[in-house]
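Chemist: Mapping to the numbering used here: the sequence shown position 73 is 73, numbers consecutive.
Quick caveat, the hints were computed from the structure, so don't treat them as lab data. Heads up, the beta-carbon is just placed ideally off N, CA and C, and yes, glycines get one too. Keep in mind that the hints are not guaranteed to be accurate.
[Claimed, not checked] Per label pair, the in silico range of CB-to-CB distance: (1) Pro56 x Glu35: 28 to 36 angstroms; (2) Glu19 x Ala58: 12 to 20 angstroms; (3) Pro68 x Gly25: 29 to 37 angstroms; (4) Ser9 x Glu35: 17 to 25 angstroms; (5) Ile74 x Gln53: 19 to 27 angstroms; (6) Pro56 x Gln36: 31 to 39 angstroms; (7) Ala76 x Glu49: 18 to 26 angstroms; (8) Gln22 x Asp42: 30 to 38 angstroms; (9) His2 x Pro80: 28 to 36 angstroms; (10) Leu4 x Thr81: 27 to 35 angstroms; (11) Pro80 x Gly38: 27 to 35 angstroms; (12) Pro80 x Gln36: 33 to 41 angstroms.
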Amino acid sequence: MHELSIAMSILDSVQEELEQRQCGGIDAVHIRIGEQSGVVPDALRFAYEVAVQETPFASCRLVIESAPGHELEIFALELPT
Numbered sequence: 001m002h003e004l005s006i007a008m009s010i011l012d013s014v015q016e017e018l019e020q021r022q023c024g025g026i027d028a029v030h031i032r033i034g035e036q037s038g039v040v041p042d043a044l045r046f047a048y049e050v051a052v053q054e055t056p057f058a059s060c061r062l063v064i065e066s067a068p069g070h071e072l073e074i075f076a077l078e079l080p081t
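Let the hints inform the model, and build the full structure from the sequences given.
Modeler: Okay, here's the thing in structure tokens:
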């Protein structure tokens, strides 16, 4: 299940971004998954839920947007107000 490694990479990227911006928390990660990317959205959602357990991101939602093409990208981070 390569979706678990993708979920963990997403969390690593989010952690790096939060450290650079000196932010304390995050509410949601918004990603785009291309229909031809080879990533199964439901499998990624499940893997993400497993990956965030017992981490500082445990309450961080994963918001998935479908797109045509091959992309897989983080396009937005939702920070607490």
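Chemist: Look at each hint and say if it fits the structure.
Modeler: Structure-based check of all given hints:
no.	hint	in the structure
1	Pro56 x Glu35: 28 to 36 angstroms	32 angstroms, holds
2	Glu19 x Ala58: 12 to 20 angstroms	18 angstroms, holds
3	Pro68 x Gly25: 29 to 37 angstroms	33 angstroms, holds
4	Ser9 x Glu35: 17 to 25 angstroms	20 angstroms, holds
5	Ile74 x Gln53: 19 to 27 angstroms	20 angstroms, holds
6	Pro56 x Gln36: 31 to 39 angstroms	33 angstroms, holds
7	Ala76 x Glu49: 18 to 26 angstroms	19 angstroms, holds
8	Gln22 x Asp42: 30 to 38 angstroms	34 angstroms, holds
9	His2 x Pro80: 28 to 36 angstroms	31 angstroms, holds
10	Leu4 x Thr81: 27 to 35 angstroms	31 angstroms, holds
11	Pro80 x Gly38: 27 to 35 angstroms	33 angstroms, holds
12	Pro80 x Gln36: 33 to 41 angstroms	34 angstroms, holds
The structure agrees with every numbered hint stated previously.
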